[in-house]
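So the chains spell out like this:
4 protein chains.
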Amino acid sequence: MQDLIDTYRAVRAETLLRIAPLSPEDCQVQSMPDTSPAKWHLAHTTWFIETFVLGAAEPQAAPYDPAFRTLFNSYYQTVGPQHPRPRRGLVTRPDLATVLAWRRAVDDRVAGLGDRLSDPRLAALLTIGMNHEQQHQELLVTDIKHLLWQNPLAPAYARGAPPAAAPATPAGWVGFDAGWTMAGKMAGHMAGHMEGNMAGQSAGQSAGQSAGNLAADMPGSEGSFSFDNEGPRHRVHLEAFEIQDRLVTQGDWQSFIADGGYQRTSLWLSAGWDWVQSAQREAPLYWHREAADAPWHTFTLFGNQTPDPASPVLHLSYYEADAFARWAGARLPSEFEWEHAARNGALHQQDDVAWQWTRSDYAPYPRYHPVEGALGEYNGKFMSGQYVLRGGSLATPAGHTRASYRNFFPPTAQWQFTGLRLARDA
Amino acid sequence: MQDLIDTYRAVRAETLLRIAPLSPEDCQVQSMPDTSPAKWHLAHTTWFIETFVLGAAEPQAAPYDPAFRTLFNSYYQTVGPQHPRPRRGLVTRPDLATVLAWRRAVDDRVAGLGDRLSDPRLAALLTIGMNHEQQHQELLVTDIKHLLWQNPLAPAYARGAPPAAAPATPAGWVGFDAGWTMAGKMAGHMAGHMEGNMAGQSAGQSAGQSAGNLAADMPGSEGSFSFDNEGPRHRVHLEAFEIQDRLVTQGDWQSFIADGGYQRTSLWLSAGWDWVQSAQREAPLYWHREAADAPWHTFTLFGNQTPDPASPVLHLSYYEADAFARWAGARLPSEFEWEHAARNGALHQQDDVAWQWTRSDYAPYPRYHPVEGALGEYNGKFMSGQYVLRGGSLATPAGHTRASYRNFFPPTAQWQFTGLRLARDA
Amino acid sequence: MQDLIDTYRAVRAETLLRIAPLSPEDCQVQSMPDTSPAKWHLAHTTWFIETFVLGAAEPQAAPYDPAFRTLFNSYYQTVGPQHPRPRRGLVTRPDLATVLAWRRAVDDRVAGLGDRLSDPRLAALLTIGMNHEQQHQELLVTDIKHLLWQNPLAPAYARGAPPAAAPATPAGWVGFDAGWTMAGKMAGHMAGHMEGNMAGQSAGQSAGQSAGNLAADMPGSEGSFSFDNEGPRHRVHLEAFEIQDRLVTQGDWQSFIADGGYQRTSLWLSAGWDWVQSAQREAPLYWHREAADAPWHTFTLFGNQTPDPASPVLHLSYYEADAFARWAGARLPSEFEWEHAARNGALHQQDDVAWQWTRSDYAPYPRYHPVEGALGEYNGKFMSGQYVLRGGSLATPAGHTRASYRNFFPPTAQWQFTGLRLARDA
Amino acid sequence: MQDLIDTYRAVRAETLLRIAPLSPEDCQVQSMPDTSPAKWHLAHTTWFIETFVLGAAEPQAAPYDPAFRTLFNSYYQTVGPQHPRPRRGLVTRPDLATVLAWRRAVDDRVAGLGDRLSDPRLAALLTIGMNHEQQHQELLVTDIKHLLWQNPLAPAYARGAPPAAAPATPAGWVGFDAGWTMAGKMAGHMAGHMEGNMAGQSAGQSAGQSAGNLAADMPGSEGSFSFDNEGPRHRVHLEAFEIQDRLVTQGDWQSFIADGGYQRTSLWLSAGWDWVQSAQREAPLYWHREAADAPWHTFTLFGNQTPDPASPVLHLSYYEADAFARWAGARLPSEFEWEHAARNGALHQQDDVAWQWTRSDYAPYPRYHPVEGALGEYNGKFMSGQYVLRGGSLATPAGHTRASYRNFFPPTAQWQFTGLRLARDA
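Chains as they are written, first to last, in numbering that gives the first Met the number 0: chain Y, 0 to 425; chain C, 0 to 425; chain W, 0 to 425; chain G, 0 to 425.
Warning: the hint list may mix true and false statements.
Far from chain W, by Cβ distances over 12 Å, these chain G residues were calculated [as the list claims (entries may be wrong)]: (1) THR6; (2) THR14; (3) LEU21; (4) ALA56; (5) PRO65; (6) ALA66; (7) ARG86; (8) ARG158; (9) ALA160; (10) ALA164; (11) PRO169; (12) ASP176; (13) LEU237; (14) TRP272; (15) SER359; (16) PRO365.
Some but not every residue of chain C turned toward chain W, in silico, with C-beta under 8 Å [as the list claims (entries may be wrong)]: (17) VAL78; (18) GLY79; (19) HIS82; (20) ARG86; (21) LEU95.
Hints are computed from structural coordinates only; laboratory data are not their basis.
Where is the CB? At the ideal position from N, CA and C, for every residue including glycine.
All chains should be modelled from the sequences, with the hints used to inform the complete structure.
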């Protein structure tokens, strides 16, 4: 079990690494209802381990602090009441130091479980806990970026300079014939869902890990682990289609803007046009300029930068992605087209830059049924009003993505690292 | 062409029949932004004929009143600006008498077209106009019902007493094997969409069709007319499923209420639960009672009535339909399951009582492409954030429905005659 | 008593005269929560007479329609519940014809009281009813103007052309020495208040007054009738001040606009600046222009017109009036300065053009006490957050004003005929 | 000048004392738009000294950090743009440590001015700065109390137990005859105003005053310092009145609640009743109970406590104070009645428990004129829509109050330590 514990420690260490550039003040504040404070992410992931893993292993043990049970529950009704999400940033006590001490205490208790983790059920729960933590690692970064953006000083999250820009490459189309394909993971039978908007999520062992008992028993690996919304695996018929071999770039987007993309009603879905008007959008989130004839800047983890024409455009709403595709004479891929192309190795920038909007409504696969119990309590609960994103982003922890992974957000969400890949009927 | 003109006159007469019980005041008022005044429906359908039919037949002719062009445009950007939808009820001039005079003048001009209507393009446009008017006939009734509901006197729209209640019948399940089916209409290739929420609609005879056929078949008989969102016709694979042979009743719904259906978070989609809380729902729209222990009443076109346990429950949001299905251990049918069952004659109460929510997101069929020009301007424009309803309601004009008809509304809409039929995996 | 009845008939006839240019549709609609439909004004004033006059004279008589008791109560809690004010426009039944029939029936019953009106209490109640009706006559016009303004066709309320403009005259200052003055009416001891925003109003002949005097003097001649908020009469000490002999004109206002009046924060009260920003004001209500360099137009009872530089500017909020005064190096008069100047005959355009904002918070006079009973139920109730206006407007019925009259509105109100007269410290 | 510098150091030390119980997280968060983060108070008061005192003394010196000029400006347009008030809590950088270092640097520079502070103009500016800081000391406590109240753990600001309750004493009435009195301070001729809601405040030595007197007297002793809204001193005539010799208690308030005070429309101003309904109030701010029949608790600086019947009730809105007075058959005092009683020594609990609502609209005294320049930029700017409070509270720094002091807030404000003293006509 030492491997599992080592993996656990590595996952937990990654979280701390991500808050290293932050002060207690940075970790405290919630910039909008959709985001959470970094301190809350630190506490909630710890709450998850304490509640579901330690709670299963040592049901008689007292919690570190009973008050944390409500404060850091996200939405698990079975576990009890929750503190309202939009008010998370108002909870200044416990402070960051207390939360970090709690993390250490929980980690020590997990390590102390030792061979008890050979119990497949505990191992599976811990694996969920790790995958859950990885999802919060991504959110922590997206939420901090949004917070720092509120500061007129535009402070950087990361030290140093952004990676050098790659040269621009023309986009190519990859074609696929009509026919049958299989979609989804087979074994998915357990699921968690991060509060709010994040994908049904779970876990996964990094490549170097021994699958051990975990791989054998537990949920769903394309080899190992998957979330239950990735199954049941089922046959899908696709018409012939083409998909681009790279993401839409910031240079492409500037052409769209220059061509009046944000002013032309005919390019937009009706709800999208309402959004453009009411949100007064004229560029992706984080793009800004001094005046209508001044050059664009974009706020990044490295502070304000000039848009790089060769880099993928980020922080798009579904409506923006859809309008751009219409402008380009193309369309968004369906999630099954995307998955089929990914399994056939046709996708560059597959999961290391941006989550990619698909035209697929986030809905259950045929014969999907949620699991029982608290962890499955909300399966399917978010299956209305959201669209599936596929891939993964620069903020996604290594090893967390796979071809069947289904992320999802409402069509107005922009603060995630969301981009766009074009498709069209063949 | 006399047949076509007779049909046109009959459609137009039906509209007037529906406002017969109403005063000028009743016809003036808009009860909420989603609804329109009856006077606006009368004017807008006339505007549609004048703009698209007479505009095509006699492009040099002056409009009845140039100011009406903007006032009664719903959302056709190509035609020009529109008066804002939520402010329709504030336009007291022209008054009802003027609008009715305009209707008569336009109808006379249409009749005067005579044999020119043998031009297939004009015939097709007039057919669209008639189908468009029929959709507004339904909206006129739903909107008036909502308006009268605002009046504390609870006035009735219809004279007399409601139809006698049928005896309650136990619901039965009809099973279907897994396999292939065809969905959608073949010929649909043109589309309009009523402002707001009503089904994508259109017209369209394919180029090769003779107007004679059109006049003979139309409106609404399968085989002749359909909206473009009903196509392209395509193959769909269904898993084995069962569907109920009747709609969920008001008696069923009272059981749901009595079992705490509106108070149990676990029955609801996350967005649905938010809606229940913020809209403070504890029963369908139009249900009310004096106190928590008093009997329910429901506001109908005949005024307030006691719920009839054997009658289908009406005025459900998608969220309510979905929650009830979960409570009942069932689910909503997909739109293709519904269509398959309908084509196989398995559905009682198919299209004469209530539109039936399906679990299907309103999305384009494979290889769907909008038509060109003003009438197709908004094709697909409403394909986000809405769910498909199938069937037809007590307010739908005779002959207007068919198995492939796709109505759609946002999941919170309740003021339409919306009901529920259960399905489940076999 | 015939005199009183004749006066009553004349007051009631004036109301009908004011709706003569209106259709049932015009009379039905409520343009915003602050306004009421004309039909409601017609009904509510009738309700007032039926409830308070006929209710006192013939307590056993049945009301014309019991349902009207709630529908047309404005805010008299003692009388029973009220229909919510913002929803008045949604009540299409009873229709206008029914309301007019009700008016006639009530008028006939009043006339039938004959000599019973020599009862001073009944005479006093009827006098209140007439003054109440006169206030609604003004509101009816301001509310209809606001409604017609919502119509993009900008229809006129009045036939014909507006009165010819008078030549512009330079403003002169009239000075007053410091010293004592008396403010307010002596006899005021009973009060009603029109719903919403209109001046605290009342009635009242003291018990000892003969009805004969009442009939002879009333309505509105000083010495006879006043509202209770106009008293008690009391001594006030004024510092030396000067006040202008005419109202601020539309020409003056264009200078203010041209000088950046709406863009200069330093001219505005803090709350006023917030209002300018959030309401996006750049001119008085009803002023509009095609573009920033196009000429101004102003919507009037005669439709759109070019502003007349010599005419008083209308439809100002308190904040606008206050900002203009600061820009002009002056200030608003206090209500006591205004009253003192008016009693000394120093004011042109005293009460025939525009209500004039004063700097005085609407507060009770020393030792003011509300009267008992339903009519006095809300005395003082509106004495927070409003400013006093003095004078009278072009829409005020003849004979309804006097030097002690206190009208009042919140500082953001613009849809009344509100103007401005400058004052300054001597 | 050492005296002045010592006084300055003492004032600045008091601010630090007030944040001693707080963590960086506590100091970061803004609980609502009306409040500010403690860190912002620390920074803004420092900005004030750096901008107005050091800026006058050493106009060539560079600021500590140029970015702070905008970040911590509250509303002084002359000085430049401001960061939006509702977004103060989102600025996590600079962090608390940086702000405290800035404070120290500014304090050292002030101390380094030495004998230059014998310049009366600099001494006056520093005096304003100290009075400004004292006002923020009070706000800092009220704002932190409001923040901690958001935390479900109800943490205490202060260590230990609250002061022992005094025995309840019956209220007595103190009577005053009708006659003349003088109101206001003579010398006030300069003004600042804290952002948002705090009293118009100012400083200012009249031309004839020597700086020596200033240092000797100040801050706050009558005869030396006052804000300009406290003048000009002027004669006021009062009718005979009586005023209570103590504040309304928590026991009194429980009687009001028990008597249906929050449910009886007739007790409330119209705007107050709207507020009660929309804000769903049934007790003062910070009062709460588990259920309708459970005992009340009240959140205090010492955490949750049981209401003490003998202690003054706190955290009332103007509307609540007004309704209670009406219920008690009394009224609020005018600000001049209050001042007259205070100058005659008739008031217990004058300025050490709660600010006391008066019925006086916050308006300029006769012949009041704002001063020139940045510090007087907003004089009078807040003189609309607010009521005057007199006295002082448990959070007011020692020596900061006087009989002429005019605090003011909108009628809905509750988070200040606001209470009530009854008055009535004699």
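Taking the hints in turn, this is what the structure says about them:
{"no.": "1", "hint": "THR6", "result": "holds, 31 Å"}
{"no.": "2", "hint": "THR14", "result": "holds, 26 Å"}
{"no.": "3", "hint": "LEU21", "result": "holds, 30 Å"}
{"no.": "4", "hint": "ALA56", "result": "holds, 26 Å"}
{"no.": "5", "hint": "PRO65", "result": "holds, 23 Å"}
{"no.": "6", "hint": "ALA66", "result": "holds, 23 Å"}
{"no.": "7", "hint": "ARG86", "result": "holds, 16 Å"}
{"no.": "8", "hint": "ARG158", "result": "holds, 38 Å"}
{"no.": "9", "hint": "ALA160", "result": "holds, 39 Å"}
{"no.": "10", "hint": "ALA164", "result": "holds, 34 Å"}
{"no.": "11", "hint": "PRO169", "result": "holds, 26 Å"}
{"no.": "12", "hint": "ASP176", "result": "holds, 14 Å"}
{"no.": "13", "hint": "LEU237", "result": "violated, 9 Å"}
{"no.": "14", "hint": "TRP272", "result": "violated, 8 Å"}
{"no.": "15", "hint": "SER359", "result": "violated, 8 Å"}
{"no.": "16", "hint": "PRO365", "result": "violated, 5 Å"}
{"no.": "17", "hint": "VAL78", "result": "violated, 16 Å"}
{"no.": "18", "hint": "GLY79", "result": "violated, 12 Å"}
{"no.": "19", "hint": "HIS82", "result": "holds, 6 Å"}
{"no.": "20", "hint": "ARG86", "result": "holds, 6 Å"}
{"no.": "21", "hint": "LEU95", "result": "holds, 7 Å"}
The structure fails to meet hints 13, 14, 15, 16, 17 and 18 from the earlier list, while all remaining hints are met.
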